[in-house]
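Asker: Residue strings, one per chain:
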Amino acid sequence: MITDGVFRRVLLNCRIRLGKEEYKEMKAELDKILEAFRVLDKIDTKNAKPAYHPIPIQDVLRGDKAERFNNVKGIVSLARKNKEGYIWGPKTM
Amino acid sequence: MSTRDVMIGLEMHITLPTKSKLFCSCPATHDAEPNTNICPICMGLPGSKPSLNKDALLKAVLIAKALGCKINEQIYFSRKVYFYPDLPKNYQITQFEVPIGYDGCLALFSSNKKIGIRRVHLEEDPASIKYTKSGNVLVDYNRSGIPLVEVVTEPHINSSLQAREFLNLLTANLQYLGILSEKGHLAMKTDVNISIRGYERVEIKNISGIYDIEKAIEYEIKRQLKKIKYGIRIERETLRFDDKRKITIPVRRKEFEEDYGYIFEPDLPVFHTNHEMVKLPELPAEKVERLSKLYNVPLAEVAELVLFSKPLTEFFENIAKELGFSAKIFSFVKNTLPSILRENKAHSDVVFKYYEELKTILSKLARGEITGNVAKNAIAELIKTGKLVEIKSVSKDLSKVRERILEYLNENEKIVEEFEKNPKVINYIIGQIMKEFKGKYSPADIHKIALEVLRKKLR
Amino acid sequence: MGAKNDVASKINEFLFMVKNGMDIENYYIELVSELERVNRKLNMFLKIRSAKECLSEIKKLGGKQLSYFPYSAKDNICTEGIETTAGSKILKGYIPPFDATVIEKMKRSGAVLLGKTNMDEFGFGTFSINSAFSIPRNPYNTELCAGGSSGGAGVATAVIEYHVAIAVSTGGSISCPAAFNGVVGLTPTYGSVSRWGLIDYANSLDKIGVMGKYTKDVEIIFNIIAGIDKRDPTTNKKKINSKAKGIRIFIPENIISGCNKTIAKSFWNAIEKLTNEYGIEYRLAELPILQHAVPAYYIIATCEASTNLARFCGMRYGMQEGSYDKYFDEYFTDARSSFFGKEAKRRIILGTFARMAGYRNKYYLKALKVRGMIIGELKNIFKRYDIIATPTMPITAPPISLAEKLSPIETYMLDMLTIPPNLAGMPHISLPIAYKDSPIGMQFIANHYAEELLFHMGKLWESIFKYKPAPIRVGVIK
Chain A
1 MITDGVFRRV LLNCRIRLGK EEYKEMKAEL DKILEAFRVL DKIDTKNAKP
51 AYHPIPIQDV LRGDKAERFN NVKGIVSLAR KNKEGYIWGP KTM
Chain B
1001 MSTRDVMIGL EMHITLPTKS KLFCSCPATH DAEPNTNICP ICMGLPGSKP
1051 SLNKDALLKA VLIAKALGCK INEQIYFSRK VYFYPDLPKN YQITQFEVPI
1101 GYDGCLALFS SNKKIGIRRV HLEEDPASIK YTKSGNVLVD YNRSGIPLVE
1151 VVTEPHINSS LQAREFLNLL TANLQYLGIL SEKGHLAMKT DVNISIRGYE
1201 RVEIKNISGI YDIEKAIEYE IKRQLKKIKY GIRIERETLR FDDKRKITIP
1251 VRRKEFEEDY GYIFEPDLPV FHTNHEMVKL PELPAEKVER LSKLYNVPLA
1301 EVAELVLFSK PLTEFFENIA KELGFSAKIF SFVKNTLPSI LRENKAHSDV
1351 VFKYYEELKT ILSKLARGEI TGNVAKNAIA ELIKTGKLVE IKSVSKDLSK
1401 VRERILEYLN ENEKIVEEFE KNPKVINYII GQIMKEFKGK YSPADIHKIA
1451 LEVLRKKLR
Chain C
2001 MGAKNDVASK INEFLFMVKN GMDIENYYIE LVSELERVNR KLNMFLKIRS
2051 AKECLSEIKK LGGKQLSYFP YSAKDNICTE GIETTAGSKI LKGYIPPFDA
2101 TVIEKMKRSG AVLLGKTNMD EFGFGTFSIN SAFSIPRNPY NTELCAGGSS
2151 GGAGVATAVI EYHVAIAVST GGSISCPAAF NGVVGLTPTY GSVSRWGLID
2201 YANSLDKIGV MGKYTKDVEI IFNIIAGIDK RDPTTNKKKI NSKAKGIRIF
2251 IPENIISGCN KTIAKSFWNA IEKLTNEYGI EYRLAELPIL QHAVPAYYII
2301 ATCEASTNLA RFCGMRYGMQ EGSYDKYFDE YFTDARSSFF GKEAKRRIIL
2351 GTFARMAGYR NKYYLKALKV RGMIIGELKN IFKRYDIIAT PTMPITAPPI
2401 SLAEKLSPIE TYMLDMLTIP PNLAGMPHIS LPIAYKDSPI GMQFIANHYA
2451 EELLFHMGKL WESIFKYKPA PIRVGVIK
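Chains as they are written, first to last, in the numbering used here: chain A, 1 to 93; chain B, 1001 to 1459; chain C, 2001 to 2478.
Chain A extracted, bound-state conformation:
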């Protein structure tokens, strides 16, 4: 069971707003999921190493060569509003 405080902090962090009913439902379901996940507490991972990838992958590097992308226009045209080449956005103050 996670507290309302923690749940609300999670929602703020991931920028998701829930309606009253949605909130109740989501939180109850999350609690059930975390309850089922408690089976992980039973396994001893003290000496285990974390597996970031299922197969060890290493040292893939790219040479420092500048190359322009061939469809810059295609990227800029995706934004709803541009001004003199800059992409519009909301306010920060």
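These aren't lab readings, by the way, just hints derived from the structure by calculation. Incorrect hints may have been included.
Claimed, not checked - Subject to a maximum C-alpha distance of 20 Å in a straight line, what follows is the list of computed SDA-like cross-link-like pairs (lysine to any residue):
1) K46(A) - E2377(C)
2) K1019(B) - E67(A)
3) K91(A) - Y1082(B)
4) K81(A) - K2326(C)
5) K81(A) - K2092(C)
6) K2107(C) - N2223(C)
7) K2362(C) - V6(A)
8) K1130(B) - W88(A)
Said to hold, decoys possible - A short, non-exhaustive set of chain A residues, derived as facing chain B with CB atoms under 8 Å:
9) Y52
10) H53
11) R62
12) V76
13) K83
Even for Gly, the Cβ is constructed at its ideal location relative to N, Cα and C.
Given chain A's structure and the hints, the job is docking chains B and C onto it.
Answerer: Showing chains B and C alone in chain A's frame:
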């Protein structure tokens, strides 16, 4: 309260001079039209994946090694999640758990005080933002993905003066590593963490330029001391530096503290590093030691030149190798040449462009054949026109000088009496004679003759 | 039908007909029209290309390896100039400015893209009921689920006579719809196919794979799309020696017991049939660590997914609505709350929680360690055995109305058979073994890089078991 009670830690973000960005091949130039150096990767388009720039990795290891850090043999990248319009993925690829280097230090020249380097790591720059009149953001993603190295110090700095010294030393090191060019301070942004022992820590974000950093620290220390004096609580907060008013002001507070929720970057592999990947060039500390010993010049004076400018130092070293050491040349390169370059708006690279011509001028200076002034004018002319003018060496036939001095003293009998009272009057006499002969003779020679003549007269 | 090889293959059938002068243009005109009609009922495709587009592509191609063979791509695979939504409202109208590597490779091989297939939003689901647009229907009984998250791909593969589907699996999203629709589905080794251009669900778990009517078709396509790609630094490959004789199968007893009776019965029948025919040995034993696979998977997957989906905030591309005069936090929250579906929100919330300071060690880092241990145990099994066999899903395709009533955790637990190989990045194939109310599949898992062994097993199975065509068929050549 001792200076040790002020604890300052610095976090520098240094732009690496690579050709392409950190995780994509977009050109890493800084003057392009907005949103032209972009691709799916640095725009964070869904489906894009990062790929690490080898040169950026090597440069980061180089910096870590130069700062005396231990190098992690296996390094990973992390995702640092926070939402902001300048972050295309709303997470930044950085290094959280395992940085490139840690546990290093840089010793200040003046006091040999060691400033601990906590960590050195690689991360990508966000985009750049400007604002419309109504306060909306206008974003240019050209800067998004440019490689940055972050250097974090321990809070061992105790004053604004020490901070300045540290930053000068750091930028000099970065110049000798080939990371920063001469106007290097512009490629580095610094966050300052200040606390007074026993009180909360305050962060001043994003200050450019060593002068402003010094001012910010001075202001902030004063501000905090005042609060302590009046028993006002010091809040843990984030400030920014207003560079016009030279004061620190609070940044808009968030309702909640963002949790970065770090995970390992699953689109990148683990990277193996080692000390042998990079070779350090001679760094300022070693160079100052070596040149001081070699030419028998005090450490502090050598440090002045070495820390001030890499091109001028290299120029001086080459000249000294070819012509032999000359104190006159050393002093000229250290003290006069910089102002000549500044006055003529020339980049210090000209010392290499006109190396042979400068060598000619300086060798004449060293032999006393020309005065410093003549050298100065010749160099200015060289920079303006690209041509070396005919430099008239001073004449060594001093008979005319002797003649004129005798004449002059006979015309101005009172001066001899004044000289008897005040020996400094000789400088006035020399000045007059030099004016008349228009630099034909060196001031040293004129001085010698005048002194002889005056002493004879007084016997 | 005069196919070249002994082994059944729809690709070879088609290529044979093309070689013998089939009217390709006419074929595509009729195919597209039939497809549009049937799609209205089955919701396999989110976008079907017009006959005109297909034909203009055909004109550009020319007698290459796959000579105009039709294929579809799951809608989380970027196709330049063609809307790509990943099944989500937040990407409605998104036109990628580049092709995924797998699309480039299929183009170069001469295949023709029919359209983008329907899916659970961003891959979040087991029944494709989380698509923001429509729910794909099982062609055997349209009240039943098509499986997920590559539901549309599964239905398309069952229904379209000559076609392969490029699909994606994170926790079983190729195997499940393959099993529910009675087709073959290959999920290859992690990193064997480039993910460049794949809209990420979970980067250390996503794999691009293939669905087709026969193993041979899946093999042909795999060999075309696999390969190192410098644009995806996680691509890797290794040549290993494949076995053809003396194959030994391991069956993890404890998870079979979680399956319903119909599934278990069909599975054992198939195993008996196969092992008797070919004298293959098999062994039953418990593998208790597998009970930790589902939680470990969901924690890692949602942690990665919650970061991958952070970029969707109503700026730069996709759905961009609402006034820019809002403070950015509000603007982002409004966009995300309006355009993400319920399951997407749930997984983002779960993933954000599991990597938050204070919880990160207990959930995220712990799950990574459990994954390491599971991989270790599976690799141990592969020291003495060549194949691990299980049913693909513990249930048959449920009615859509029932699936919608399941709680999230109940739904997650249904992935218990497909999650272990997905978590371990090991290649696995789902093969049809029975047709009840809807088809049933069995799963063969092999060690990393052992796809050839899976193809061998598939062909062995197909030589003794005849697949049934779906009740709805499109593009049949009379």
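Asker: Hints first: check each against the structure and report whether it holds.
Answerer: Right, here's what the structure says about each hint:
1. K46(A) - E2377(C): Holds, at about 16 Å.
2. K1019(B) - E67(A): holds, 9 Å
3. K91(A) - Y1082(B): Given that 20 Å is the threshold and the Cα spacing comes to 16 Å, the pair holds.
4. K81(A) - K2326(C): holds, 15 Å
5. K81(A) - K2092(C): holds, 17 Å
6. K2107(C) - N2223(C): Distance of about 14 Å is within 20 Å: holds.
7. K2362(C) - V6(A): holds, 15 Å
8. K1130(B) - W88(A): Holds, at about 10 Å.
9. Y52: holds, 5 Å
10. H53: holds, 7 Å
11. R62: holds, 5 Å
12. V76: With a closest approach of 5 Å, the V76(A) hint holds.
13. K83: Holds. Min distance 6 Å.
The earlier numbered hints are all upheld by this structure, with none contradicted.
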